[in-house]
Amino acid sequence: MKILLPALSPTMETGNLVKWLVKEGDDVLSGDILAEIETDKATMELESPDDGKIEKILVKEGSENISVNTEIALLSVEGEEIEEKIEKPIESSPPVIANGTDTKIKENNISMGSLLKEQSDSLETKDWSEKEITMREALNQAIEEEMILDKDVFLLGEEVAEYDGAYKVTQGLLDKFGSKRVLDTPISEHGFTGLAIGAAMSGLKPICEFMTFNFSMQAIDQIVNSAAKSLYMSGGEINVPIVFRGPNGAAARVGAQHSQCFISWFSHIPGLLVVAPSNARDAKGLLKSSIRNPNPVVFLEHELLYKEKTNVPEENDFLIPIGKANLIKEGSDVTIIGFSMSVQRILNTLPSIEKLGIKPDIIDLRSIKPLDEDLIYKSVKKTNRVVIVEDGWGNTSFGSHLSYLIQSNCFDYLDSEIIKVSGKDVPMPYAENLEKLALPNTDEIISAVKKVSYTN
Amino acid sequence: MNKKINNSFSDDQLLKFYEKMFLIRKFEEKAAQLYGAGKIGGFCHLYIGQEAVVIGILSSINSEDTVITAYRDHGHILARGVDPKSVMSELTGRSDGISKGKGGSMHMFSKANRFYGGHGIVGAQVPLGVGIGFAHKYRNEKKISRVYLGDGAMSNGQVFEAFNLASLWELPVLFIIENNKYGMGTSIGRSAAGNELFERATVFGIKGEKVDGMNFFTVSDAAIRARDYINNNSKPYIIEMDTYRFRGHSMSDPGLYRTKDEVNKMKEIDPVLMMKETLLKEYKFKEDTIKDIESDIKKQIKDVEKFSLDSPLPDIKELFTEVYL
Numbered sequence: 001m002k003i004l005l006p007a008l009s010p011t012m013e014t015g016n017l018v019k020w021l022v023k024e025g026d027d028v029l030s031g032d033i034l035a036e037i038e039t040d041k042a043t044m045e046l047e048s049p050d051d052g053k054i055e056k057i058l059v060k061e062g063s064e065n066i067s068v069n070t071e072i073a074l075l076s077v078e079g080e081e082i083e084e085k086i087e088k089p090i091e092s093s094p095p096v097i098a099n100g101t102d103t104k105i106k107e108n109n110i111s112m113g114s115l116l117k118e119q120s121d122s123l124e125t126k127d128w129s130e131k132e133i134t135m136r137e138a139l140n141q142a143i144e145e146e147m148i149l150d151k152d153v154f155l156l157g158e159e160v161a162e163y164d165g166a167y168k169v170t171q172g173l174l175d176k177f178g179s180k181r182v183l184d185t186p187i188s189e190h191g192f193t194g195l196a197i198g199a200a201m202s203g204l205k206p207i208c209e210f211m212t213f214n215f216s217m218q219a220i221d222q223i224v225n226s227a228a229k230s231l232y233m234s235g236g237e238i239n240v241p242i243v244f245r246g247p248n249g250a251a252a253r254v255g256a257q258h259s260q261c262f263i264s265w266f267s268h269i270p271g272l273l274v275v276a277p278s279n280a281r282d283a284k285g286l287l288k289s290s291i292r293n294p295n296p297v298v299f300l301e302h303e304l305l306y307k308e309k310t311n312v313p314e315e316n317d318f319l320i321p322i323g324k325a326n327l328i329k330e331g332s333d334v335t336i337i338g339f340s341m342s343v344q345r346i347l348n349t350l351p352s353i354e355k356l357g358i359k360p361d362i363i364d365l366r367s368i369k370p371l372d373e374d375l376i377y378k379s380v381k382k383t384n385r386v387v388i389v390e391d392g393w394g395n396t397s398f399g400s401h402l403s404y405l406i407q408s409n410c411f412d413y414l415d416s417e418i419i420k421v422s423g424k425d426v427p428m429p430y431a432e433n434l435e436k437l438a439l440p441n442t443d444e445i446i447s448a449v450k451k452v453s454y455t456n
Numbered sequence: 457m458n459k460k461i462n463n464s465f466s467d468d469q470l471l472k473f474y475e476k477m478f479l480i481r482k483f484e485e486k487a488a489q490l491y492g493a494g495k496i497g498g499f500c501h502l503y504i505g506q507e508a509v510v511i512g513i514l515s516s517i518n519s520e521d522t523v524i525t526a527y528r529d530h531g532h533i534l535a536r537g538v539d540p541k542s543v544m545s546e547l548t549g550r551s552d553g554i555s556k557g558k559g560g561s562m563h564m565f566s567k568a569n570r571f572y573g574g575h576g577i578v579g580a581q582v583p584l585g586v587g588i589g590f591a592h593k594y595r596n597e598k599k600i601s602r603v604y605l606g607d608g609a610m611s612n613g614q615v616f617e618a619f620n621l622a623s624l625w626e627l628p629v630l631f632i633i634e635n636n637k638y639g640m641g642t643s644i645g646r647s648a649a650g651n652e653l654f655e656r657a658t659v660f661g662i663k664g665e666k667v668d669g670m671n672f673f674t675v676s677d678a679a680i681r682a683r684d685y686i687n688n689n690s691k692p693y694i695i696e697m698d699t700y701r702f703r704g705h706s707m708s709d710p711g712l713y714r715t716k717d718e719v720n721k722m723k724e725i726d727p728v729l730m731m732k733e734t735l736l737k738e739y740k741f742k743e744d745t746i747k748d749i750e751s752d753i754k755k756q757i758k759d760v761e762k763f764s765l766d767s768p769l770p771d772i773k774e775l776f777t778e779v780y781l
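Going down the list, the protein sequences come from chains A and B.
Going by this note's numbering, the first residue of the first sequence is number 1, and it counts up by one from there.
Going by this note's numbering, the first residue of the second sequence is number 457, and it counts up by one from there.
No incorrect hints appear here.
Facing chain A, according to a computed beta carbon distance under 7 Å, are these residues of chain B, among others: (1) Gln-489; (2) Ser-555; (3) Ala-580; (4) Val-586; (5) Ser-708; (6) Leu-769.
FYI, nobody ran anything at the bench for these hints, they're computed from the structure.
Every residue, glycine too, gets a C-beta built ideally from N, C-alpha and C.
Bound-form chain A, shown alone (with noise of 0.2 Å):
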């Protein structure tokens, strides 16, 4: 067998002999030191590959800038062919690619776009039978009626059980499943995070409550290094069925560490889904196909929306697809981009723009990731004109993202920048004037929409 000079580091391409630990004749055994190789990076031990005899030593001691994989040695093992020694025991051409050389890569074939072509949006449109409720009944309905459906459906987070859920969404669900189904966790995200993911790993489905998603930073490494990549880096064998959820953004009055939207850090990482809905019917139909929905999926709610009412349909199949996005408002001037509570700001400055005469195109993206690039693509090329609303700071933003998308798109189409009305870039203060200040406001969203459309 032939010793070659070994790679000891992931950089280095050569390396110096600084010793011979042992001579012409020596019997050594799979592991002893050889010699000591001096490397990028330092002096390593180079270790017998094989019970044996030294034969022959190649290289001298004190030579230097040998290349990796130059024979520096023979050794003699019991049983091997005399040809073996001098037969190069590693193959030195290259690698074939399998299945063919084509090395043109289409970005967007990843197989999330599948998502979109296979859900259809006809159940929305479908004669259901309504009741108007709260945000917060839609998202406590979608979560009894998957877990009457599906027995792996289960629930857990801080206070979900015998509080009865600290925003009162997972009320009397410990009464109906019982305390093997909806568990109160320890104060202990990184954790009960990690259990629900390696419950997910096993095939159960997980609803894994963040009391806010502000608690979600103590268990952003599972999120990522575990629920998002688990399905790739295992070559498909691992996916991860499991749906992070609570509410997302600033509530009122809560301060800086209690107010802030994750929107962007989610929806920067493949392997994660990110759902944020405005408004309750869409909460209720988007929650029932995340907890259906074989990835991992972010559910961010928002506090301030609870409370708000819309009609939403009682039956079981109601379903709203992830990655389809909703045209709330259909006019001809500008496009208006938000989601979760953007869009409330956004539907908040309407009177005044149609004061204007300015008739807009309101687009709730409903979705983040997968993005429902279709429609907005269709709204811009017909309105030529985009501003973005977003809660969160808009340094490095989703918000920065989509204007950046639309202008590779729609390039030809804009007749105006596109201006993108974010939270400011400062922690959220406490002070009831600050706070409003620091997120997107009327006039800021109303004055966007008067510069794209060149009105004053």
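We have chain A already, so just place chain B on it with the hints.
Chain B in isolation, oriented as in the chain A frame:
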């Protein structure tokens, strides 16, 4: 040599355990060689020196039981019965790898063999493994989730959260600390306050013990004791394995944090050699029987090497598949 311990293993079983230990040793030596030749890239953490732990535990495992570990995982996935060809092809980053070449040394999984990874973030596998135990209990399965962690992970916060949850919810989990004395280059004396590492779990009401992890028989004995305790009490258990890695933390570790004398002293109780000696002297197996096993493994490793180098690189379309299901 290890002392003969009363156990109910048949001759065939004992030889099988030795064969597996020897397979892991030879597999890892080949991996080191292929790394040196530039055929394996990135990080490569070898299990050489710790084989008695994973095979001793194996002697107590039901085929339905689940296993999860951190990044030093080659031995664990081989012990679980996954084809060495698909493990080595993963190390060489080829399409026949167990993760199709998309995971690498630290990320290998096999649902069929109840092996849940292969995790690269120290400590993260512990809450995950507790979650697997949660699923066993939720489904009323008579299974145990075996969760391996290193001495380094025993100072990681989420591990204590996981101990608390496992004990609080009475989950069927066996925690196995592989205390090889060093978290990368930092000795436990410089990283862990207090007494024995396993005692850090006992404060949560988890029973446990420390055993000689260089000896297949003591490991097996403790593993069976732990299994029976978990089955009878429906509670977690922890074993601290006193073990040692003969090679560096990863392939690019010059090992300046420990002396050669220390390593050589530990090599005197090499778990593979000790097992072999015990089989020969205490169990009176014939030299030829052992030799045949060894030469079969050596032959097998040659095939594994060839297979892992002949296997093609992954198809380019694999870049974008399996991000979502």
